[in-house]
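Modelling step: build the complete structure from the supplied sequences, incorporating the hints.
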Amino acid sequence: YSKAVSVPQVVSTAGDNVQLDDRIYSPPPTITRGGDIAAGKPVTISATMVDGYTAYQWEIAERTTTITPEGGEGGLAPWRIDVYTGWNILDTSVVASGTHSIHLVMPEFKPQIITLLRHFRPTAASRLQFFSRLGWASTVQTARVQVSEDDGASWIDLWSQNGTGSAGEAAFTLRQVDLSAYAGRRIMLRFAYDPYTSGSYFPQTDVGVGWYIDDITLTNAEELINARTVQTPGDRYTWTPTATGSFTLRARARVAGGGFTRWGTGRDLVVAQQPGGNGVISGVVMSNSATPGDLYALVATDAGLQHIVAMAPVDPTSGGYRVTGLIDGAYHLAAIVDVNRNGAYDAGEPMARLPAKVTISGGNAVSAADLTVERYRVHAWSGHGQAPASAGSGHPWNNNPYWVQLEVDDPYQWADSVVVTGDGIGSSLMLVYDPYQGRWSSSPQPGNVLFGQSAPTVPLHYNFVITDAYGQHTIGDSVGFFVQNMVTGVLPADGSVVSATPQFSWTGVADAGASYGIALRDGYGQTVWSVSGLTQNGYAYTGPALTSGARYDYIVSVCLPDGLDCNLSEVAQRFTYQPGGGSVGQRYTLQAGWNLISFPMDPGPNGIADFIAAVRQAGGAVASIWAYDPTRAGSPWRSFVVAAPAVADLTSIQAGVGYWVRLTRGASVTLSGSKPATNAPVLHSGWNLIGVDAPVGDLSTWLGGLGASSVWSFDGRWWSSYRQGVPVFLNSLQRLDAGVGYYLWLAP
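Each number in the numbering used here comes from the position in the sequence shown (counting from 1) with 340 added on.
Hints in this document: simulated from the structure, not taken from any laboratory. Heads up, a few of these hints could be off.
As the list claims (entries may be wrong) - Derived Cβ-Cβ restraints for the label pairs, each shown as a range:
1. 497 / 944: 44 to 52 angstroms
2. 963 / 1024: 23 to 31 angstroms
3. 511 / 610: 41 to 49 angstroms
4. 603 / 976: 48 to 56 angstroms
5. 884 / 1008: 16 to 24 angstroms
6. 449 / 409: 25 to 33 angstroms
7. 569 / 417: 19 to 27 angstroms
8. 1024 / 543: 26 to 34 angstroms
9. 417 / 582: 40 to 48 angstroms
10. 502 / 983: 37 to 45 angstroms
The beta carbon of each residue, even a glycine, is placed where N, CA and C say it ideally should be.
Pasting the structure below:
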């Protein structure tokens, strides 16, 4: 794999060293199997090999040419909403047709965006059609339609219209956008009401102000629906379609470090009708150790134990079980406990499989075997306490709270919730996905479901169902699970770590043949190192160098023996890497104009002069530096003006304090210095201008620890804020970074 890198407008003089840092990602895998297959017949899908992969994810979606228009009548469930609150985005007074339209206004001078959470695949004849009415809008307020080919990671304009500075359009106009350039590609769409430059604007939310959108649809295109993902340890996936139809399949690889490649190009598959087989598996005898009264069933699955192909009638009294109606092929036999007693296998019900497969040839099974059933099979992961591996196993429970962390494949940022019911909850509990924290949030244990304080006498059974963000409309099917596999006693405990290669250890309670894994995440929630397939209860860190002063979370996972189910436990511990002294570096990208920065390192006694010189050497020019001192009588501002150093009343800079810096010429510069003894400035009532020495992701907890109510940031164009008491998704500031300055408000 090769990659060409072009770096324009770089000027170097003799004797200079020029360093270019570039991250090269592995190319995505390509599906190497497509074409027509038959319903009920297993087919093995393969993909190209990706260097350094640790697992593969596969996504199968149905293809349909029936595309339902969007105009607000169906509510906001299909949309991700990133707009200012305070008005009803679904309007009933101005519509092109039906009862609703979508109304975007701009109470704050920042982009107001709605993203359609549906995936389309245009053809050469496809067009996007929508009715648009841009009313009162200034000439800097722009209505845009944008397209993404990478699942929303980046966007480009398809269509745009500027305001006129007056009343604008008095009626809807049909807009049509040619999508032929995206023929055969998978796309998403969003609508943005965007201030593209500074100037006056209309902030009102009244009728006739802003942008109305209605009757959005695509013509001559396909929509990809009912997408589902599975993970395999290798580059092959055995799929047994249960219904006919048109599908598309794509893959991506998890690589060392825990990240994923991009999704590869999709491959179409057409599933045809398969005539019913006459194969029979019989003479299977099952014994059990489950609770009396449970129902049992024998099932035949594909070779990967991923899909139920056929199921015997529930018959707990029969001396032998039979599965009929099988076509020729290879199967695994499995026995289940029909917890829901509905005569069908439901995801999450206990399953045990035979060690050998059965082959159907000419309608007859060539082998069969006895099967022992254990009721309590693992289908969820608990964080504290111990759960029995099977009924009557006698594992003790401790008196600590225990919980289960749920994971749902690729949740939309604000579209999904999970409602949980079960033995240890009482009624129900709703979780909402937080994309910035990368977890499901609930109370009282954020990111986890609290399942009770007392020691139960039997394993507890729970159900969860995916709903909309308000828990009102079901999106996915109900799934049940038992509490069993888990890890406890994870070390190192919360606090500081001084070793560059910390030793992780834990106590595991897991199925025979299960393995463990560790994943280390930085303050942004990004996985920086992971390892899997461990059979021992400990492992030393072997990843990239840890950043001095940085905070890390780490989690321990349990993988089932088949390697296909590797759910993570809750974030077990957190530590800060403090090697004791050493150098701290910080990269700055400074623009011409005002910049709000801070210093995570000790600038030293000549910090001002050193900073100005470093910027000048990088090609920039500092005009002035300003500091805010709320205790100073008169004006709280101190300054150093480069053109008038003799009258400067700012004589030094320090770590942990925020500064306004004005440049007449921008530059990118890296500064380094010793780690300060403390990076915590003295805080006062009212406004404080501060900095942090490591990323901060949980702003609510951070503000609470300081007794502060809000924090504000400026990126050179926009202000962002996080305010306590405001729903997290309405806050525009979601994390703090080292090297940036922030305004912090402490109530008097």
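**Prompt:** Any of the earlier hints contradicted here, and which numbers?
**Reply:** 9
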